[in-house]
Amino acid sequence: MFQRQQRGNAGGGSYLTIVEYQPEAAGGKSRRPDFCRKGMQKIMSAEKRLEGKVALVTGGARGIGKAISARLAAEGASLALVDIMLDVAQATADEFAKQGVTARAYAANVANFAEAEATVAKVVEDFGKLDILVNNAGITRDTLMLRMTEEDFDKVIAVNLKGTFNFTKAAIRPMMKARSGKIVNIASVVGRMGNVGQANYAASKAGVIGLTKTVAKEFASRNIQANAVAPGYIITDMTGKLSEEAQQAFLRVIPMGRGGTPEDVANVVYFLASPDSDYVTGQVINIDGGMLM
1 MFQRQQRGNA
11 GGGSYLTIVE
21 YQPEAAGGKS
31 RRPDFCRKGM
41 QKIMSAEKRL
51 EGKVALVTGG
61 ARGIGKAISA
71 RLAAEGASLA
81 LVDIMLDVAQ
91 ATADEFAKQG
101 VTARAYAANV
111 ANFAEAEATV
121 AKVVEDFGKL
131 DILVNNAGIT
141 RDTLMLRMTE
151 EDFDKVIAVN
161 LKGTFNFTKA
171 AIRPMMKARS
181 GKIVNIASVV
191 GRMGNVGQAN
201 YAASKAGVIG
211 LTKTVAKEFA
221 SRNIQANAVA
231 PGYIITDMTG
241 KLSEEAQQAF
251 LRVIPMGRGG
261 TPEDVANVVY
271 FLASPDSDYV
281 TGQVINIDGG
291 MLM
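Take the sequence shown: its position 84, counting from 1, is numbered 84 in UniProt numbering, and each next residue is one higher.
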């Protein structure tokens with residue numbers, strides 16, 4: 001008996017399977033067991049993992065949110081893109097529509113519960129259900145604590161933390177009714193370790209982590225999974241405005257020696273939104289190249 005590894009790709013993704021061969025009782029010939037052959041057939045005929053699913057992504061029209069939306073759409077999900085500016089969301093929805101993706105745009109201030117509730121209700125009305133919620137919308141107002149105004153603090157908490165609460169609370173009811181749901185919150189490594197000049201942002205993301213774990217515990221029995229991702233230094237338009245010195249300072253503390261990409265974040269979000277994570281809940285996954293271990 002021996003084993004051989006086979007690599008390949010299917011449906012845009014790669015796979016690795018270990019194929020076991022056993023000698024026949026007579027003649028010493030090798031054959032592939034039936035379970036391996038059936039498994040391979042299943043892999044090769046696999047459909048898009050999110051076909052028929054509806055995903056609502058706050059802040060889903062630009063930056064990391066757009067990359068997340070694109071990744072979910074690539075696996076067959078229909079998209080509800082939420083942005084505070086309808087024209088921005090609509091432009092991205094139109095862009096996806098040209099690629100054959102079912103996408104609709106919605107305007108909402110995530111910090112306002114009434115708007116969150118109305119938006120979720122409209123999404124359910126338009127699509128008939130809601131399977132996946134990605135709480136991505138967020139802002140920064142960075143400055144040292146002694147210079148930070150109360151408004152700076154309150155605004156970041158309102159959008160990043162309260163916004164996550166608002167959309168989660170609004171989405172929970174249709175998910176409970178369906179007895180199924182995936183909630184993925186975008187936290188940050190800063191919420192786990194703190195950072196100079198980001199008292200408001202760190203507090204908001206630490207709150208998102210605590211909220212995620214609580215939601216996971218409260219709704220696990222309803223087959224709703226809630227998880228978070230904690231990105232580190234991700235190369236975006238915002239980080240691209242940092243000085244070369246500041247960017248190099250980040251890279252020096254990243255064992256992998258590079259910044260992450262929005263697609264790096266999107267890939268992990270997809271995993272947490274997919275059936276592959278059905279037994280994963282209440283977890284926080286760092287996406288930081290090893291910066292925080």
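What the hints contain is simulated information worked out from the structure, not anything from laboratory work.
Accuracy of the hints is not assured; some may be wrong.
[To be verified] Using 27 Å as the maximum straight-line C-alpha spacing, the simulated BS3-like pairs for lysine-lysine come out as follows: (1) K217 / K162; (2) K155 / K98; (3) K213 / K177; (4) K129 / K155; (5) K48 / K155; (6) K177 / K241; (7) K162 / K129; (8) K122 / K162; (9) K98 / K162; (10) K169 / K155; (11) K122 / K66; (12) K129 / K98; (13) K48 / K177; (14) K217 / K241; (15) K241 / K129; (16) K169 / K98; (17) K169 / K66; (18) K162 / K177.
[As the list claims (entries may be wrong)] Estimated spans, in silico, between C-beta atoms of each pair: (19) K48 / V253: 35 to 45 Å; (20) E47 / D142: 35 to 45 Å; (21) Q283 / E125: 23 to 33 Å; (22) G194 / T149: 30 to 40 Å; (23) Y279 / E47: 38 to 48 Å; (24) M238 / D87: 13 to 23 Å; (25) K48 / E95: 11 to 21 Å; (26) K48 / R147: 31 to 41 Å; (27) L146 / M176: 28 to 38 Å; (28) K129 / Y279: 31 to 41 Å; (29) T149 / G52: 19 to 29 Å; (30) G52 / L146: 28 to 38 Å; (31) E244 / M176: 21 to 31 Å.
Here a beta-carbon is modelled for each residue, glycine too, at the ideal position from N, C-alpha and C.
query: Are K129 and K155 close enough, with their CA atoms no more than 27 Å apart?
result: Violated: K129 and K155 sit about 31 Å apart, past 27 Å.
message: Given the hint of 35 to 45 Å, is the C-beta distance from E47 to D142 inside that range or not?
response: holds (44 Å)
- request: Take the C-alpha atoms of K48 and K177, compute the straight-line distance between them, and say whether it is at most 27 Å.
  value: holds (25 Å)
message: Quick check: does the Cβ-Cβ distance between G52 and L146 fall within 28 to 38 Å?
response: violated (52 Å)
query: For the pair T149 and G52, does the Cβ-Cβ distance stay inside 19 to 29 Å?
result: violated (47 Å)
message: Please verify whether K122 and K66 have alpha carbons no more than 27 Å apart.
response: holds (21 Å)
- prompt: Given the proposed pairing of K48 with K155, does the C-alpha separation stay at or below 27 Å?
  reply: The given pair, whose Cα atoms are some 39 Å apart, is violated under the 27 Å limit.
message: Tell me if the straight-line CA distance from K169 to K98 falls inside 27 Å.
response: The given pair, whose Cα atoms are some 32 Å apart, is violated under the 27 Å limit.
message: Run the distance test for K241 versus K129: straight-line Cα separation, threshold 27 Å.
response: Not satisfied, since the Cα-Cα distance of roughly 39 Å exceeds 27 Å.
field: K129 versus Y279 beta-carbon gap, inside 31 to 41 Å or not
entry: violated (22 Å)
query: Range hint 28 to 38 Å: satisfied by the CB atoms of L146 and M176?
result: violated (45 Å)
- request: With a cut-off of 27 Å on the C-alpha distance, tell me whether K169 and K66 pass.
  value: holds (23 Å)
This entry does not satisfy hints 2, 4, 5, 6, 9, 14, 15, 16, 22, 23, 26, 27, 28, 29, 30 and 31, going by the numbered hints stated previously.
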